[in-house]
Structures are given as structure tokens and as C-alpha cells.
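Colleague: Chain by chain, the residues run as shown.
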Amino acid sequence: MEISVTDLSCARGGLPVLSGVSFQLQAGQALVLRGPNGIGKTTLLRTIAGLQPATAGQVQMPEDCVAYAGHADGLKAGLSVEQNLRFWASVYGQREISAAVGAFALTPLLDRLAHDLSAGQKRRLGLARLLVTGRPLWIFDEPTVSLDAENTRLFAEMVDRHLQGGGMALMATHIDMGLSQARVLDLTLFKADLTALAQDSFLDEGV
Amino acid sequence: MWALLIRDLTLAVRAGGGFGLSLAFFLIVVVLVPFGVGPQSDVLARIAPGILWVGALLACLLSLDRVFHLDFEDGSLDLLATSPLPLEGVVVIKALAHWLTTGLPLALIAPALAVLLNLPGPGYLWLFVSLALGTPALSMIGAFGAGLTVGLKRGGLLLSLLVLPLYVPTLIFGAEIVRRAVDAQAIGTPLAMLAGLTLAAWACLPFATAAAIRINLR
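Here the protein sequences come in this chain order: A and B.
Everything in the first sequence is counted per my numbering, starting at 1 for the first residue and increasing by one.
Everything in the second sequence is counted per my numbering, starting at 1 for the first residue and increasing by one.
Chain A with its partners taken away, still in its complex shape:
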């Protein structure tokens, strides 16, 4: 299994943010995206996840291989922790949720409504959701927000286990989690050149 991104350009709100992004990801590898706020980390991740179209370039990957975890956890406040996990498990055609419950020590919270969870607990549940997807490529957008040190370690362990099992991970994060198989990609190298765009634009012709 391999994922290759070639010359990918993406835009946010009609403005190009990144251009010429290329990388390969083999089974068992992780890639950490770095870059200042607004560089386009989320835009790139959403483009690779298929939530928005690329303006140029291509993403090659096997069909149905992405599990996406964005800024929002996608939890239903009116359902219990277990119901939330079971729902996503059945959406992905899985039955077993014990691995997900175990990974973040969610057992004492199973019957609690998601509404009553703290921000960190919600995040743990949102991340544990990835384990019930059975998908090989995990895409995370700032996964460690509102996690404490202990749970950040649990998260790193969960990703490491996934990589050892032949999975892949792609994440935007600012902290170093000490993943064994992770490379870092600095997105400032691919910042889209807005001056070139200004010269091309039809506004100049109108003047």
C-alpha cells in the first residue's frame, strides 16, 4: 500500500494557499505537517481526505482508505460514549469497539452522555473513533488539542501500534510526539506565490 501526492495545489476561500506539494507515504510510515498558522495545513488535509477538490495535481491512493479526524470530534451530545462508538463502528461495517475503548481508557465513561464529557474526554473519544474505522490511512488535524501529557502519550502509542500494523498516518501538529516512524514536512516550502496570481488575474486586463 502506498499513497503518493504529486504537485498538489489547494485553495481556501478561492485563494491558493499551497502549490506543488509532493510526498509519498508507505505502509508503516507517518508524516507530520508543520508550518505557521494559516499556511494551509487543514486545507491540505481536507483535500487529501477528499472533502474539497485540488486546484492542480493529484492524490493517488487505494479507494476507501482514509479515516479523517478534524478539529471537531463529530460526537452526538445526546448519545452515550458507547452509542457514539457503536454508531461509527457500524457505519464502517465493524462490530468490535473494545480496542477503541481500551486505547484511551474509556471504560469508566462508557455509559456517560457525550454532553457530560470534558473537552479532553471528548477528544479522546473522537480519536478512539479512528480505531473502529478499520481504515489504513489516518488523517489528524491538531489531534493533541486539549489532551494532557498522559493522553498525548496514549495517543502516540495508538498511532505507533497502527503504524506497526502496516497503517499510515498523516497529521498536522505543533508538538513532538516522539513517533518512531515519522517524517516531518515543512509546508512553508510550498507556500503558493500570490504575486504570480495577481499578475495573471483578469483584473489587470480590465485596467
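Honestly, I wouldn't trust all of these hints.
One side only, chain A facing chain B, incomplete, derived with CB under 7 angstroms [as the list claims (entries may be wrong)]:
| id | residue |
| --- | --- |
| 1 | Ala49 |
| 2 | Val66 |
| 3 | Gly74 |
| 4 | Phe87 |
Computed far set for chain A versus chain B, every beta-carbon distance over 10 angstroms [unchecked claim]:
| id | residue |
| --- | --- |
| 5 | Asp7 |
| 6 | Gln24 |
| 7 | Val32 |
| 8 | Gln60 |
| 9 | His71 |
| 10 | Ala119 |
| 11 | Asp148 |
| 12 | Ala149 |
Here are some, though not all, of the chain B residues that point toward chain A, as calculated from beta-carbon distances under 7 angstroms [to be verified]:
| id | residue |
| --- | --- |
| 13 | Arg14 |
| 14 | Gly18 |
| 15 | Arg218 |
Because the hints were derived from the structure by calculation, they are not lab data.
On a predicted model such as this, the values are computed, not experimentally measured, just so you know.
Heads up, the beta-carbon is just placed ideally off N, CA and C, and yes, glycines get one too.
Following the hints, put chain B in place on chain A, whose structure we already have.
Modeller: Chain B only, in chain A's frame:
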């Protein structure tokens, strides 16, 4: 798919799910009209089919902005869009859940409330049939409007304005069925038109709605 339907139904009947809101609104409209019109039973009987249908339609409209907006807000819609479920299927299930929690209860309660409006005897059966047949179209058209406005904060106003003109044919044929049944005329034509509208909405709009949602998620 079924998991999504069961989840939506569970959420709708839980506290804050808005299950009773449409029914309560329908009840209020139907109870208040006789007070406004006055105690002339022949006038009430004449306007009953129209009032009942307009009331059911507005009650349906009331809960539409919940169809996709809650899932958009908490990020579930992003996750559903990247899940193995086709987005068209998600739309169908969401519209079905809306109908089961809004349209079907409205159709079931309407004959009981029709008593308050002095609806003549032959109208009761056809009031239920026309609502049961027509409200699925209202849910699907409403889901389409909800899909178009899903990214907007406070999109409810725009949603109502977009959806109301699309509701007009359903309203005309639905109320016409009841009116003709009361007057003992043939109801075949409006019945066929109403069924056609519902089938057309469910056949075409899931694709349009899914496309609108994909654009709004960008």
C-alpha cells in the same frame, strides 16, 4: 445505513431533539383558527382542508434546519462525507428520519385535529392518505433546502424562502384531494399528481442535495 437512521430517530426523540415541536405547532394552528374565524361551522368546514394542509406544511418547515445543520456544526457531516456511506444515501436516510419524526406523526394526528375544524365525514380518510402521501415530498424538498443552506449560520430564513415555492405544488394537490373527497368528486387526478411529486422528489433530489452538501463542505 440503518445505524444512521436509528441514530437520527434516537436523537430526535431525546430531550432537545425537537420531535414534539412540529406537532405542537400544528396543534396550535388548528386550535387557534376556529377562534379567529368565528363559530360558523359551514365556513370552518369549507376552509378545513386548506387550513389542515397549510398547518402541516408550516409545521414541517419548522424542523427543517435541523436536518443537516446539527451534523455540520459538530463535525459529523465531514466524517459522514468521508465514510463508506454514499452521501446520496445519507441524504435519503436523513430525509426519511425527518419524515418519520415529522410527516408521519402529522398525518396520524391530523384526522383527530380535523374534528376541531368541523371537517365533513368523507374527508377524514383522504386527509390522512393525502398527508401520508404528500409529506414525504415535503421532507425531501426540505432536505434539499437544508443541504443548500447547511454552511450558513442562521440559515433558517433563507431555507424557508427557498423551500416555500417548491412546496406549492404539493400543497395544491394535497388540499385538492381532501376538498374533492368532501364534495364527493373524483380524486384520481390530484392523487396521481401528488404521488408523482413525491416520487419525483425522492428520485431526483438526493443527488442534487448531495452535490450541494459537497460544495458547502469545501
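Colleague: Work down the list of hints and note, for each, if the structure agrees.
Modeller: Going down the list of hints, with the structure as the test:
1. Ala49: Holds: closest Cβ of chain B sits about 5 angstroms from Ala49(A), inside 7 angstroms.
2. Val66: Holds. Min distance 6 angstroms.
3. Gly74: For Gly74(A), the interface hint holds, since the closest Cβ of chain B sits about 4 angstroms away, which is under 7 angstroms.
4. Phe87: 5 angstroms, holds
5. Asp7: Check passes; 20 angstroms lies beyond 10 angstroms.
6. Gln24: 21 angstroms, holds
7. Val32: 20 angstroms, holds
8. Gln60: 17 angstroms, holds
9. His71: Given that some Cβ of chain B is not farther than 10 angstroms from that of His71(A), nearest at about 7 angstroms, it is violated.
10. Ala119: 13 angstroms, holds
11. Asp148: Asp148(A) is indeed farther than 10 angstroms from all Cβ atoms of chain B, at 22 angstroms.
12. Ala149: 25 angstroms, holds
13. Arg14: This interface hint holds because 4 angstroms falls under the 7 angstroms limit.
14. Gly18: The hint is violated - Gly18(B) has no Cβ within 7 angstroms of chain A, the shortest such distance being about 11 angstroms.
15. Arg218: With Cβ-Cβ at 4 angstroms, under 7 angstroms, it holds.
When the structure is compared with the earlier hints, violations turn up for hints 9, 14 and for no others.
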